[in-house]
Amino acid sequence: MAHAYLSFHQEEILVGNFIGDFVKGKMMVSFPKGIRQGIQLHREIDKFTDSHPLVRAGQSYLRPIFGHYSTVITDIYFDYFLGKNWNRYSNQSLKDFTQSVYEQVGAYESYFPDRFGNLFYWMKKDDWLYHYSTIEGIQRSLTGLSKRTRFDSKMERAHLSLLEREDEFEVIFFAFFEDLKTFARQKMTEIQTLHDSD
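Numbering (the numbering used here), first residue to last: 1 to 198.
Bear in mind the hints are in silico, worked out from the structure with no lab data behind them.
Every residue gets a Cβ at the ideal spot worked out from N, C-alpha and C, and that includes glycine.
If you anchor each label on the Cβ, the simulated ranges turn out as follows:
1. Gly-25 / Lys-95: 29 to 39 Å
2. Arg-88 / Asp-114: 35 to 45 Å
3. Ile-65 / Thr-193: 40 to 50 Å
4. Phe-183 / Lys-125: 30 to 40 Å
Computed cross-link-like contacts, DSS-like style, restricted to lysine-lysine with a CA-CA straight-line distance of at most 27 Å:
5. Lys-47 / Lys-181
6. Lys-154 / Lys-84
7. Lys-147 / Lys-47
8. Lys-125 / Lys-84
9. Lys-187 / Lys-26
10. Lys-125 / Lys-147
11. Lys-124 / Lys-147
12. Lys-181 / Lys-84
13. Lys-124 / Lys-181
14. Lys-26 / Lys-47
15. Lys-124 / Lys-95
16. Lys-84 / Lys-147
17. Lys-95 / Lys-125
18. Lys-33 / Lys-187
Given the sequences, and given the hints that come with them, work out the whole structure.
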């Protein structure tokens, strides 16, 4: 959800931002320039998020229970808070936004990496992005992720930790997301400027 929002209404950036986790090494050269820029932006957003002190503070509470899965869990918590507080960040309804995202990304199906196509089918069919805005939605998502991990991640119970400290995590989200928005916009401009000079 956050990656979609942080594509700032640029279609090819959105596609790259969406498929970023599925693109490895030499695959990059097979994409149009705009999608490559989106993949780069996705990676920069992830690096910024993982190293941010506010995010680390939130993860320090989760780590004793969930170990290294805390990183994935905080990402989903932040998608929940973005969806829950959507009117604070956009004049477009959340439902309209998610449908627009599926439509735009789906138009680039010929560029989908292996494994992403099936994921996207279910994401669109069940409107994952919209349902991230509810506790039930993120519980389903975390349970699904838990089933795909090699070890006992306990992620199917991570929504309970959110309910326990929702106010604290929300404060962290609001402060962090302002930093992230500023960073992502600047980084996108920087990446696009760099590519334009190639």
